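Residue numbers (the working numbering), protein chains in the order written: chain B, 1 to 435; chain C, 1001 to 1367; chain E, 2001 to 2294.
Keep in mind that the hints are not guaranteed to be accurate.
[What the hints assert, rightly or not] Stretch by stretch, here's where chain B covers chain E in the computed footprint (C-beta under 8 Å, at least three residues): (1) 2117-2123; (2) 2127-2140; (3) 2219-2227; (4) 2260-2272.
Keep in mind the hints are simulated off the structure, nothing from the lab.
Remember, it's a predicted structure, so these values are computed and weren't measured experimentally.
In this text, a Cβ means the ideal position worked out from N, Cα and C, and glycines have one as well.
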Amino acid sequence: MKVSRRGFIKSTVVAAGAVAAPHVWLPVSSEAWGATLKKGEPIKVGLLFSLTGSLAVPEEDSTLVMQYAIDEINKAGGIAGSPIQPVIVDAKSDFAVYSEKAKELILRDKVIAIFGCYTSASRKAILPTVMANNHLLYYPTCYEGAECTQNTICTGPLANQHSKDLIPFMVQNFGKKVFFVGSNYVWPKESNKNAKVWLQQAGGELLGEEYIPLGSSEFGPVLNKIREAKPSFIFSTVVGASDIAFHKQFKQEGFKVDSMPIASLTTGEIETRAMGNEFGAGHFLSAPYFQALDNPTNKKFVENFLASKYGKNGVTHYNMEETYTSAYVFKYGLEAAAAKLGIENVTPRAIRDNSGGIKVGADVSPEGPIWIDEQNFNCWLVPKIGQCQADGSFKIVKQAAEHVAPDPYSIYPNLGTCTKDGLKAPDGKIRKNVI
Amino acid sequence: MNLYHNKLAQWAAYGVFFAIIAAVPLFVSDSFLLNQLGTYGVYGLLALSISLCWGFGGILNLGQGIAFGLAAYGMAMTMQMQTQDPESNPIPPFMLNNSLEQLPALWEPFWSTGLGITLALVVPTLFYVIFGNLMFRARVSGPFFAIMSLAMLSALFTIILDMQPYTNGANGITPPQPLTILGTPLDPYGPATYWLVCGLLIALTVGAKLLTQSKFGLLVQAVRGDAERVRFLGYNVAAYETAIYALSGFIAAVAGCCWVILVQYVSPAQLDVSFSVTMVIWAGIGGRLSLLGSMLGAFIIQGGQSYLGDALLSTWLLGLGAFFIIVVRFLPKGLAGLLEMGLGALSSGRRPKQLEPADRANAMAGE
Amino acid sequence: MGSLDLNSLINALVLGLSIASIWLLAAIGLTIIYGVVGVINMAHGEFIMLGAYSSYLLQSYFGLPFLLCIPASFVVVAAIGLVIERGLIRYLYNRPLDTLLATWGVSIVLMQAVRLIFGSDPKYLAVPALFSSNLQIGFINLSVFRIVVMAVTALVVAGTWFLFYRTRFGMQVRAVTQNKEMAASFGINASRVYMLTFALGAGLAGVAGSLFGVLNIVLPTMGTAYVVQAFLVVVTGGGTLLGSVFAGGLTGELQSIFAAVTNDTFARFLLFLLIVVFLWFRPQGLFAPRSVRR
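With the rest of the complex left out, here is chain B (with noise of 0.2 Å):
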């Protein structure tokens, strides 16, 4: 079913309990995708990120990896006997731009699907248009949750899934007292209020919490509190540049990585390369997906994309991963619309509304199988934790034995559960979009 914006907006409108609009205001009738699939022409698909700016140092290898999944598609046939043809715009780390080119993804280029986005403020300065047109958002990376809308997958892990076993691994073996350090934004403070159940959980003592302003480099004042505190390690959310920073100054101000290290959700291969590998050695961190992970996925998919045109930057990282696996889970979920439905007939929403359980197995997901929740549409992953070895690359020590459910709102319950109509409140009602 065709979803028109202008039927939309009047819907929600009126659902909000507003008087019906008269048409004057809504004179110009655009469809919310105005374009049709065919077989054998390209489906085209917007990749949002930024290759310019201070974002483009994650998101550039977010274009080249989707890029590659493509080729990889394209070469084994396409989808449904189409070639997927990849729309790529520079969203130049400016927010507002990210909004304006999700516009022109959708209603210039119309796209049947956008891969983009590496922060939080810029999903969240796309999804009003995004939703506004009934359309479909692949987010590929970590993220905090507490967000329902009918017009997103992610394939990264939610903040519930991050930190479940690594709080419990690090109070086993490190101790008991835990210090918070993040950054100052959304994320960290969300991450860390569900790591916070996982402490209590595991009988561990938080002893502060410290958030850093974005972008700052200067952590002796946090050191200092964390000197004075004394506990057993450190739990980080510190992103970008901080982060290199702080692992620089941790040991330079003499912090021993053996008595007290960091178990982070972000420092992968490409930070502790940055940083230089005697400041990453001996830290932990918990991710889906290492380079180092061993399964012939794994080493198939590392050794193909370092020797293809896109694996310049010589690494494989957690994030790439994630977006990689997005592919997939949109190519499955394109097949699963058309079958339904013939090709002609499917839009954004269809295959969005067909992606529920879709599952990406262990001979294309390098990470291992996961899947996509039937109702909140995040991903069912296994979390894995790494340290850091003298060499740059992570060890990993310790595996979930089974897949860990995502789940948006798992730290509040009264707000209600994610389903794939909308947000459901305890009391039964459904509200849709909730951002």
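Given the structure of chain B, go ahead and fit chains C and E onto it with the hints provided.
Chains C and E alone, transformed into the frame defined by chain B:
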């Protein structure tokens, strides 16, 4: 007589410009393009505000994001509260995640759309009146004022980022639905919204143009030329400076409101230093002494970024920076100055003469 | 939170000294360029970034030891500064607001050029193992590298002071600062003084960059983090060497103490506000030269 300085010719140029931008929806049915041109209109408003403050007032303001951002937050809060229900669902979702049990008092006024929009416009303007008054009475001027406005902007940026329960921090506020006025949703992709922005741009430009031609405008330009001399003539220089600064703040506030109507989003990025400097670059390249030139500068640069940026990537910014250096070095009056020189040469039939004394004073403004 | 015992206070004060030395080192080149040449150099952060990249280049491609990279970065960035002064800045000396804008353009160009040459992925500077260790005296803790930064800052301040107040060139600089026309009529080549001062200021930013690259990360955007702070030090100090030393010390200590009592974000906000309020009372800064109406 240089045609460029002919008032009638100037108004004619403005008239043509207004006619073109007002006619756009008659030819454009592409809803993306209409929305994009609407945001360019917002950038035009910002360039206008910079031109008024810097070009005519001689006050280089690197913190125009203060008014723009505060107003944008006000508007976003208004739109967010329109989607909340006082009975069943009174608190925006992000606050619940930040463990707020009830709506903070700061947000209460935004239940009312009228009051919300009024606050979105009044608060930034009032902020400019107070901050300007403090600074100008202490005779902070020129580069020092520029750095001070930058510091103030950074302070606000930091605190908005930090006050996460009230502002949603770095993620910003994303009203899920368009603005509803008098029971009618204002489709951000439709001509109605475009005409709203366009109408505000035209009205404020005409107002600003008339102002620059009034006695008040003359005095402001005299202050730009030599503040000390105007002070000796018995005028309250600080009052004039505050007035022009606050006016430009008001225009930037209007721009902030329009921007949120068009993009349904605001975050601390709108108070980022680089965005405020970008506004100055628009006016600098277009010609800060010309309101129209500044606006065209905004259109050219933003258009270039939208349509050339993807193809050129890093080279685009490189080219923009180089272009900007060349303009500052050789065309202190921007592209509008180029037109002035061209028309001057045409009317007098000889090479343009050197800077006039008044211009030299402009160039020295702030020293 | 909120309480501060004696040990923490002393540690915060020591750390404040280190923060102050970092900010002062970032600001000193800017101070000289502003104080003597009268140019608000918005590209200063990018000069710092260039210093870090030239150290990286010399270290990884020519194998230069880190300690030699510091003076080498001075030379490289000073040369770049010289070219920019000759090619652009000298035409804008009578237009202070325009120099501010032109140097902003320069900063964009430098940042993008570095990105095109080196790519946008971060680089790092390797340092001797000694610099990655820590010194503990009683309950006072400080990293060796922070001590190195403090020493270099002290050296740079002393060197600059010596150059400006004890040499013939310094006398010429001071003469030109006080009255350019008068100095010129005594046969001082003001244009040459401006040129050399600008290059010196740029070179000092290069020194700062090669040290910040170790504390932090080498990225095309790294300079922007320091530049606003450096401006506030210069403006608060009033544009003189002595003023910057005091302003740097004061703001660094305040930041450290505020951060110890509250948190880093709020400390930064408080500091910005305090500076705005201070400048409202004393717009000419801490130690301003007698204002000359040119």
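Exercise. Holds or violated: the region 2219-2227 of chain E covered by chain B, criterion of 3 or more residues with Cβ-Cβ distance under 8 Å?
Worked result: With 4 residues in contact (Cβ-Cβ under 8 Å with chain B), the coverage given for the region 2219-2227 of chain E holds.
For this session: Please count how many residues of the region 2260-2272 of chain E have a CB within 8 Å of a CB from chain B and say whether that reaches 3.
Result: holds (count 6)
Problem set entry | Outcome, coverage of the region 2117-2123 of chain E by chain B - at least 3 residues whose beta-carbon is closer than 8 Å to one in that chain | The restraint on the region 2117-2123 of chain E holds, since 4 of its residues have a Cβ under 8 Å from chain B and three suffice.
Problem set entry | Annotated coverage of the region 2127-2140 of chain E by chain B, confirmed only when three residues or more have a Cβ within 8 Å | Our answer is that it holds, as 6 residues pass the Cβ test (under 8 Å) against chain B, meeting three.
Checked against the numbered hints above, the structure breaks none of them.
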